[in-house]
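Colleague: Reassemble the complex: the two chains are provided individually, in unrelated frames, and hints are given to aid placement.
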Amino acid sequence: MDKDAGSIERVFNSGAGAIVTKSIGLKPRNGFPNPTVIELEHGILNAIGLPNPGIDNFKEELLKLKKLNIPVIGSIFGSDYKEFVTLAEKMQNYGVNALELNLSCPHAKGYGLEIGCDPNLVKEITFKVKKSTKIPVFVKISPNLANITEVAKSAEEGNADGIVAINTVKAMKIDLELQMPVLSNKIGGYSGNAVKPIGIRCVYEISKNIDIPIIGVGGITTGKDAIEYFMAGASAVQVGSAIYYRGLDVFKKICDEIKIWMKHHEYNNLSDLIGAAHK
Amino acid sequence: MNYPKVLKIIETRNETSDIKTIMFEYPEDITPGQFFMIWIPNIDEIPMSVSFIDKKIKGITFKRIGDATNALFKLKAGDKMGVRGPYGNGFKINGQRILFVAGGTGIAMIAPSVEKAINKEIKTNVLIGAKNKSELFFENRIKKYGAELFVSTDDGSQGYKGFVTDLAKEKISNNKFDQVLTCGPELMMKKLFELSQNISFQASLERYMKCGFGICGQCCVGKGLRVCKEGPVFNEKTLKNIEDFGVFKRDASGRKIKF
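Read top to bottom, the protein sequences are chains R and Y. Using this note's numbering, read the first sequence as starting at 1 and increasing by one per residue. Using this note's numbering, read the second sequence as starting at 1 and increasing by one per residue.
Next comes chain Y alone, as it looks inside the complex (with noise of 0.2 Å):
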């Protein structure tokens, strides 16, 4: 049923200073990459990847940057929220070695996907980039679980010093990957995508959303794909025809939004 479940936050976690991560009881079967309707009572429900998988435990990882998210920021142990889901499709992930490219925010979605590829032995090397050091996170999750990282900051803060689709490029060269899995700003994933040229690519798309359940038609692209549904994560054979793909959003009223 398509209701939000209200529930009480189990634990908080601040990753930076302005990333955190809330952990809260959710005993359902989800695929990494899929996501929740996050209910915070009297402001929002806003879709939000998960970022824990536990068979019990589900938690989500988020920066504050609006209305929806500083309120969530400020949620802690004991408080209470509505949680519906999970939505969308989530990664496939196969072949001997893949790599995943994360930028910002996308390494909360990714992080379990790469620890799904690692416990289905393939090979992981993993790109996460950052503005700078204070934005990184998950680095040693990562790293602990057993996949390559490897780190880029455009003030060269911490690792190479530049985009992270630089590294990517690098990396895409010098190795036979069989996936390439991307999660994070659109132009960056759009560019990734041009690089990838004839690896199998995937990557997990953001648009505003209303009901998750696919619907309402909100948050469609192309020709009527539902981010909430077909997606958000699109292969390259659907991302050639999606033409809104790394060009525009929209906003809540349908406007498009030139990325």
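Extracted from the complex, chain R is given alone in its bound form (with noise of 0.2 Å):
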């Protein structure tokens, strides 16, 4: 529900605060082909393959939300820091409120994590970026990765303003009548419910060793676990798959849970609870 103004508007309206787009690279790309997403016990398996539509014809669906007033994250991916500058000059441009560099696809070759595996490279891009743009930055980085804190550290020293984590989880499912990967492009990223303690620690190991906020994201689906991750250290949350689970209104649900759980609990300000499980 991110890759066109009419959808996102809908997200919009049902209670999200800030929509962050399909990522988007520099030309038109059609993704794997089917099956890309499937259902598993514990949460949803996909490979699409970073289908999008370019950023040039992008631009009409950029400039549609610009008119609602609707607020934009901007999702990017390139292969090198000079891909990643172009799109974000252009994200800019069009008017996104700010940018998330994508530097944590599982699934997508050249792309992704393929580059955000490399803290270098990561510090590089994130610095060029910052410098050619005025909006925001966040970087979202991957959990599959064995020096997570150290990625984000070098995000951090390129001076970008956020970091989102966690990017989907590598993944895999075998059909036992065809004995063969379900998805086309075999290995996918693992997302909803199962991942959400993965996410937690990632969040909770990454805001140990930087100062920037943390945008917490998978699997959570309810507002005690978005209160999971304010704990573990996030500042804001991202909700995906939960929209399968519990219907587009989710994000109105996941808000009344906060505010209900607060006033249970006698907090009024969401800021208080960020990190508290670091004491």
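Keep in mind the hints are simulated off the structure, nothing from the lab. Nothing here was measured: the structure is a model prediction, and the numbers come from that model. A hint or two may mislead.
Unchecked claim - EDC-like, lysine to aspartate or glutamate: derived pairs with alpha carbons at most 16 Å apart:
#, chain 1, residue 1, chain 2, residue 2
1, Y, Lys223, R, Asp249
2, Y, Lys223, R, Asp2
3, Y, Lys8, R, Asp175
4, Y, Lys143, Y, Asp166
5, R, Lys128, R, Glu157
6, R, Lys186, Y, Asp44
7, Y, Lys256, R, Asp56
8, Y, Lys229, R, Asp249
As the list claims (entries may be wrong) - Some residues of chain Y that are not near chain R, with every Cβ distance over 12 Å (derived):
#, residue
9, Trp39
10, Asp54
11, Arg97
As the list claims (entries may be wrong) - Partial chain R-side listing against chain Y, Cβ under 8 Å, derived:
#, residue
12, Arg10
13, Pro33
14, Glu157
15, Ile187
16, Trp261
Every residue gets a Cβ at the ideal spot worked out from N, C-alpha and C, and that includes glycine.
Modeller: Right, here's the structure in full:
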């Protein structure tokens, strides 16, 4: 629900505070053949392969959203800093409020995680994008890393305004009858309930080592899930798969549940909860 | 669970030289107008309307046009494929008299709805439009079930010579229908929508799909209406506000493709 202005408007009207776009690249890209998305027992497995219409075609969607005053975080992916800078400048010109650098897609060759696993590249790309734009820049990082803290730190050193953690967890499903992986790309990224403890751990570890804000993401379905991320050190959260589990009004539901929890526990400011688990 | 159930094809039938029906065991309740995601291993997974609905056995009917349908066309009884669903809403069928209009392979998804209408003792008129005689199928099935059937072909090789919308115009002006229900090329449906004016109207849309269960956003039209979830059937009130309807669809990358 992040591909076109109409969908983004609907998600915004369902209670989301801001919308992160589908990751956009320089040129149109079809992504992988189906099957690209399947449901498993405890989560959703996908390998869509970064399909997107290309930044120039995406312009009209962004301009529509700008007119409607909907806060948009433009997600971009590229194969080197030059591509990221071009995309970032265009996104800024088309009116997005912030940028998210996809340095963590687990299933597209030459992009995402393949770049995002190298702390030096992460620092370089972040630094160059920051230098050429004025809007906040967030770096989305992967849980599929042994050196996640190091990568987060290098984004901070590149002057990132925030870290987004986590992207999906590398995973596979094999069909027993056909004795083959179900996804056409074989390997995909796992999201939903099952990955929440992984996301919580990542946010907790990262927030111990950096000073910039963290946007927590991974398996957030209820207000309590969001609060757990706040306690781990997140200042905001992203929600995706939960649209399937609880419907489009999941955003409003989560906000209401956070308020109820805070009231029961006599909290007036959400900021008092951020990093609470680090005591 | 939105996971493909791998099963063996029970039977296949050639409806025409390019159109085939595949039958398989799938004991789920289905509303006519809903669709499956059909997985052809190593090739693709594509949305496909249900064309036969029995308690235990279900069927799909399709024309070979691309890689996926050509691969599917080659499958025979005993071969394996994956099925998940049913997805979407299906037609809401009511009133005293209904006009069904099908263009091309649209008749595959219309047929079970026609049978449902007749089961509800609704007077049912069906128009099928095809390029020529050799692309027509399901006429006998529909006639036998008790619908009043009219056929049009672009070249006049069978029935009325011309577009099915011309035939529809004539039927609409000479009769009083409570509903017009349609599936076919989108420009045809758009034209029919204009012709139907004050009659309750439902059209089944087709878009490129990925998940089928309302999360990926690939098939969205208008203001975030998911063809796989809120559709594929939309009524006149909704269609009026879908700027995409009859104007453009999106390819796999999300680029707009004009009809």
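Colleague: Evaluate each hint against the coordinates.
Modeller: Results of checking the hints against the structure:
no.: 1; hint: Y:Lys223 / R:Asp249; in the structure: holds (15 Å)
no.: 2; hint: Y:Lys223 / R:Asp2; in the structure: holds (12 Å)
no.: 3; hint: Y:Lys8 / R:Asp175; in the structure: holds (15 Å)
no.: 4; hint: Y:Lys143 / Y:Asp166; in the structure: violated (21 Å)
no.: 5; hint: R:Lys128 / R:Glu157; in the structure: holds (12 Å)
no.: 6; hint: R:Lys186 / Y:Asp44; in the structure: holds (13 Å)
no.: 7; hint: Y:Lys256 / R:Asp56; in the structure: holds (12 Å)
no.: 8; hint: Y:Lys229 / R:Asp249; in the structure: holds (15 Å)
no.: 9; hint: Trp39; in the structure: violated (6 Å)
no.: 10; hint: Asp54; in the structure: holds (23 Å)
no.: 11; hint: Arg97; in the structure: holds (35 Å)
no.: 12; hint: Arg10; in the structure: holds (3 Å)
no.: 13; hint: Pro33; in the structure: holds (5 Å)
no.: 14; hint: Glu157; in the structure: violated (34 Å)
no.: 15; hint: Ile187; in the structure: violated (16 Å)
no.: 16; hint: Trp261; in the structure: violated (26 Å)
Violated hints, listed in ascending order, are 4, 9, 14, 15, 16; each of the other numbered hints is respected by the structure.
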